[in-house]
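Just so you know, we're using the UniProt record's numbering here: the sequence shown kicks off at 1 and counts up by one.
Hint data in this document are derived by calculation from the structure and do not stem from the laboratory.
Keep in mind the model is a prediction, meaning the values are calculated, not measured.
C-beta atoms are modelled at their ideal positions from N, C-alpha and C, and glycine is treated no differently.
Treat the hints loosely; a few may be bogus.
[Unchecked claim] For each label pair, taking beta carbons as the anchor points, the in silico distance ranges come out as:
#1 Thr130 <-> His155: 31 to 39 Å
#2 Arg36 <-> Ile111: 49 to 57 Å
#3 Asn240 <-> Arg36: 47 to 55 Å
#4 Val166 <-> His82: 41 to 49 Å
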Amino acid sequence: MCRINSNIIVSMLISVTSKTRVRRAGISPLHLAAERNRDDVLEALIEAGFDVNAQLSEERLRLYQDRRSSPLYFSVINNNIHAVRMLLAAGADPNRDMFKPLMVAARLNCIQTVTLLVEHRADINASIPTHLTTFPAVYMFSMKNLPMFKYLLDHGGHARSCFNCVYGNRPHPPIKTTRSERDSDRVSEQHGGVQFCEMISAPSISRWAGPIIDVLLDYVGHVTLCSRLMEHLDSYSEWNVIKEKA
Numbered sequence: 001m002c003r004i005n006s007n008i009i010v011s012m013l014i015s016v017t018s019k020t021r022v023r024r025a026g027i028s029p030l031h032l033a034a035e036r037n038r039d040d041v042l043e044a045l046i047e048a049g050f051d052v053n054a055q056l057s058e059e060r061l062r063l064y065q066d067r068r069s070s071p072l073y074f075s076v077i078n079n080n081i082h083a084v085r086m087l088l089a090a091g092a093d094p095n096r097d098m099f100k101p102l103m104v105a106a107r108l109n110c111i112q113t114v115t116l117l118v119e120h121r122a123d124i125n126a127s128i129p130t131h132l133t134t135f136p137a138v139y140m141f142s143m144k145n146l147p148m149f150k151y152l153l154d155h156g157g158h159a160r161s162c163f164n165c166v167y168g169n170r171p172h173p174p175i176k177t178t179r180s181e182r183d184s185d186r187v188s189e190q191h192g193g194v195q196f197c198e199m200i201s202a203p204s205i206s207r208w209a210g211p212i213i214d215v216l217l218d219y220v221g222h223v224t225l226c227s228r229l230m231e232h233l234d235s236y237s238e239w240n241v242i243k244e245k246a
C-alpha cells in the first residue's frame, strides 16, 4: 500500500514539475531514482519524458570520487540490470561519463550488464582521462574473466595495442604499483600511459599472464612480444607453447 501511494504521489509531482527548474537544480529525479534503485519511479520519469542523459552539475559530481554524472552510471554501479535495460532502451548514452559504465560493469564482473552496454554501442576502446593506458582501459577490469575478455575482443576491442611497447626487447624498468581503495594493484604511469605489459605484471594479475596473452594472440596476426611478456611466458614451462602463436 505504501509503495502504491508513493507512486501516486510521484505521478502527481511529475505533472506539476518544471523540467527547466530540474535542469537548473544540477540533479535530475532520474539520478535519485537510479541511485536508490526505485525502478518504479525511474519508469514513471522515463515515461513522463525526463532526459535519460541528464548530467549532474559540476558542483554535484564533485561529491562522488568517481566523478559519475549520468543516471545510467548509478544503475550500473548498483548492479541493477533492470534499470540499466530501461535507461538504455529509452536512449541513455553509455559513453557520457568520464569513467565509463562499461568499465564499472566489467569491474563488477557482470557479463549481463557488459553485454547490454556493448549492444547499445558502449565504446570498448575508451580510455580513462585521469589514468591513461596505451590499450583499452576496460581490459584492466576484465582480463581475469576470460569469457568476458573474449566477448569484448569479439565485439571490437583492440588487441594489437596490447603488444605495443616502447622498450621492445630491451630491459624494462621496475613496475611501480600502489594499492587502490578497492584493494587492487594500480600501475603508476611512467611515460605516455600505462602499457599492457606493465599492467599484466601487477602482482594481482601476473599469475594469469599466460592465458591472457594466449587469448589476445587469437585476435592478431604476427606480433613481436616485448621482453617483459617473454619473461612471463618463460616463467612457466606450460606457457612456452604460447610464444609459438606470435
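Hints, verified against the model:
| no. | hint | verdict |
| --- | --- | --- |
| 1 | Thr130 <-> His155: 31 to 39 Å | violated (25 Å) |
| 2 | Arg36 <-> Ile111: 49 to 57 Å | violated (25 Å) |
| 3 | Asn240 <-> Arg36: 47 to 55 Å | holds (53 Å) |
| 4 | Val166 <-> His82: 41 to 49 Å | holds (45 Å) |
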